[in-house]
Amino acid sequence: MLELLSHDDVTEIRLNRPPVNALNPALVRELSDTIARQTAEGARALVLSGRPGLFSAGLDVPELLDLDEEGMRSFWKDLFGLLERIAASPVPIVTALTGHSPAGGTVIALYADYRIQAEGDFRLGLNEVQVGLVVPPVIHQALVRLIGPYAAERHLVAGEMIPASRALEIGLIDEIVPAEQVVEKAVAWCRRHLALPRRAMQTTRALCRADLVGSFEDGKALDVDGFVRGWFSDETQATMRALVERLKKNA
Amino acid sequence: MLELLSHDDVTEIRLNRPPVNALNPALVRELSDTIARQTAEGARALVLSGRPGLFSAGLDVPELLDLDEEGMRSFWKDLFGLLERIAASPVPIVTALTGHSPAGGTVIALYADYRIQAEGDFRLGLNEVQVGLVVPPVIHQALVRLIGPYAAERHLVAGEMIPASRALEIGLIDEIVPAEQVVEKAVAWCRRHLALPRRAMQTTRALCRADLVGSFEDGKALDVDGFVRGWFSDETQATMRALVERLKKNA
Amino acid sequence: MLELLSHDDVTEIRLNRPPVNALNPALVRELSDTIARQTAEGARALVLSGRPGLFSAGLDVPELLDLDEEGMRSFWKDLFGLLERIAASPVPIVTALTGHSPAGGTVIALYADYRIQAEGDFRLGLNEVQVGLVVPPVIHQALVRLIGPYAAERHLVAGEMIPASRALEIGLIDEIVPAEQVVEKAVAWCRRHLALPRRAMQTTRALCRADLVGSFEDGKALDVDGFVRGWFSDETQATMRALVERLKKNA
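As they're listed, the protein sequences go chains B, A and L.
So for the first sequence, our numbering puts the first residue at 1; every next one is plus one.
So for the second sequence, our numbering puts the first residue at 1001; every next one is plus one.
So for the third sequence, our numbering puts the first residue at 2001; every next one is plus one.
No wet-lab data here; the hints were simulated from the structure.
Hints may contain errors.
[As the list claims (entries may be wrong)] A few chain A residues that face chain L, going by a derived Cβ cut-off under 10 angstroms, partial list only:
#, residue
1, Leu1133
2, Pro1136
3, Pro1137
4, His1140
5, Gly1148
6, Glu1153
7, Arg1154
8, Leu1156
9, Ala1158
10, Gly1159
11, Ile1162
12, Pro1163
13, Val1224
14, Ser1233
15, Thr1239
Fair warning: this is a prediction, and the values are worked out from it, not measured in the lab.
Backbone N, C-alpha and C fix where the C-beta goes; we use that ideal spot for every residue, glycine too.
With the sequences and hints as input, model every part of the structure.
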């Protein structure tokens, strides 16, 4: 589900779970473990990338709909574990958004140090409301940190999927580059930062990201119970099952 | 003082207190009561609009100058009650700024979900300092939430009245549309949001607006005493009485 | 080290410590004392300016490298004292950035009410990381207040020195004007604000700046120990000594 590519001391972790890099329990755990292992083994920076045209389609709704409450709670905790690991990573992490990146794909990117998007007719955004979901407070906070409280309100309440150009305008991503350069630019960003005096760069990075990391310490901000309750609500189940039906028909 | 217009499940509340929709105690109470009643009676969204060319000129200074301390304190509490009701509304509220909207007119708009401004040579802004007033902390916080702490500092300290185009640039309003479309666009905004899965939209809206609603729980942020003290200070009384004289001469 | 120029009730304090207005212990103390004395003696606003082409090159690294731990701790407390005095000044302070203004030069400007930059090929920014330093939390907070948490992260972690035009884009400065007008525009800004009703302007100013002033009350945000420890770390000492060698060779 993951490919590792070495660019000297920068490791690229490429999501490779066909067809759409959907986030199921196994992928979330493997991605989290791989990030931990790579940084433990000396990678000085990480690039998270996807397949050409698609970073990740977000949650694997069809598979997740088969989980019972216990399974869903466990998956959701693992997802928070992954996001916290990205937020608190001892080394910089850049997301190379190689294509579309809605919902869960955007969520992962929020917690990275930097977001580079491939040029093209690609869309991203936290469109959870459109499928009947409510993002937990901790993800709301990460979005507020990136684009401000009011822009976050408008974006989340509308459940917007937006073109990459609009995402750049509101600050949801940092750069748009030709698709074939997205990984290379991400690696170059890492190298520029690794060339800085190391203690100063790392300590400053920790200072600036302390609020993002700290948000995971507040159980209320995670609100696992609230999310699981919402997931099994009639409205959400009906909306997601209708979505899955549509996906099957189009397949 | 208010007209109600029904656009299916969206109710438009049109301020209609000639000549300038000035906010006196009666209008503030009636607007607050009407919002409560409409949402209780099933309106799924509200649009607050004004007269062509003028949303509201803000506080009715001539009438308020006749109030004693007790009367002023009571008015100010009612005004906070109105603002909190808008902030905490269970349904979305859009302000259709049909024209000029200085001071109190802008304040009301701050607490709505969305602000659409009529195109034209219209001005708005929190120009309280120009008339010798200091906005209370809770209003400062609402402005910070919308445009950021530094832009809020510059705007409030200068007591700026700004053209709508500048208000759009700094994020004080969301859109400028031809005057004859301002209500229609506000209704359309509501309909787009009402078409979303309801529980998800409402819960996300509550999450994103919790800080705005919460600001009213802090008595220090309301600072009714501070405002009333300021209102009756020599500088403020002199500035406002000079203003009223000028208005009379121009009338 | 300082020249005082009177523009009626606005006093200009011009940094004049050749060759580069570097911040050594004596200049920091004198600037702090002068600000206190001028406001006590009735200046209604202050303009801080520098030499043509250079506001300040920041810390006087060669001189500071000769200080022992006690001396460095004392200098750093004095610098915080200066910044707090600017933040909490009873009268508005505008920085007239007459030219380059990296690191410490930018830091001083962060705490002023307003920043006007001379047009020209000038650079500024918090490039501390480039020389092995970590800005303390209180300075990070002041930058966040001005440009937002994410822009602050990117700027600080990279230790960026940026052209004035870029500083304007991200909100680090407010205006760029022809070099010969920078002081005059700063004085005019003060006069416009002094023409406002005084109590209202001053009270609003205090309300809007309370967060900036309050940040100095938190010992953890100052983190004098952390800075001093970092200053004497091997990496930082080596980076700064190499820098001083380069400066000597170029002199």
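Evaluated hints:
For Leu1133(A), the interface hint holds, since its Cβ comes within 10 angstroms of a Cβ in chain L; the closest pair sits about 6 angstroms apart. Contact between Pro1136(A) and chain L, as hinted, is supported at the beta carbon level, the nearest pair being about 9 angstroms apart and thus within 10 angstroms. Using the Cβ-Cβ criterion of 10 angstroms, the hint placing Pro1137(A) at the interface with chain L is satisfied: the shortest such distance is roughly 6 angstroms. Taking 10 angstroms as the C-beta cut-off, the interface hint given for His1140(A) holds, the closest approach to chain L being about 6 angstroms.
Annotation: interface hint on Gly1148(A) holds; nearest CB of chain L at approximately 7 angstroms, less than 10 angstroms. Against a cut-off of 10 angstroms between C-beta atoms, the interface hint on Glu1153(A) holds, since the closest Cβ of chain L lies about 4 angstroms away. Because the beta carbon of Arg1154(A) sits about 8 angstroms from the nearest beta carbon in chain L, less than 10 angstroms, this interface hint is met. Look at Leu1156(A): its Cβ gets to within about 5 angstroms of chain L, closer than 10 angstroms, so that hint holds up.
Proximity of Ala1158(A) to chain L holds as hinted, the smallest CB-CB distance being about 7 angstroms (cut-off 10 angstroms). Hint status for Gly1159(A) relative to chain L: holds, with the closest Cβ pair at about 6 angstroms, below 10 angstroms. For the restraint placing Ile1162(A) at the interface with chain L, the shortest Cβ-Cβ distance is roughly 14 angstroms, beyond the 10 angstroms limit, so the hint is violated. Proximity of Pro1163(A) to chain L is violated relative to the hint, the smallest CB-CB distance being about 17 angstroms (cut-off 10 angstroms).
Checking Val1224(A) against chain L: minimum C-beta separation of about 15 angstroms lies over 10 angstroms; hint violated. Given hint, Ser1233(A) at the interface with chain L, holds; its Cβ is 6 angstroms from that chain's nearest Cβ, closer than 10 angstroms. Satisfaction of the interface hint for Thr1239(A) is found here, the shortest Cβ-Cβ separation to chain L being roughly 5 angstroms, below the 10 angstroms cut-off.
Going through the hint list in order, the structure does not satisfy hints 11, 12 and 13.
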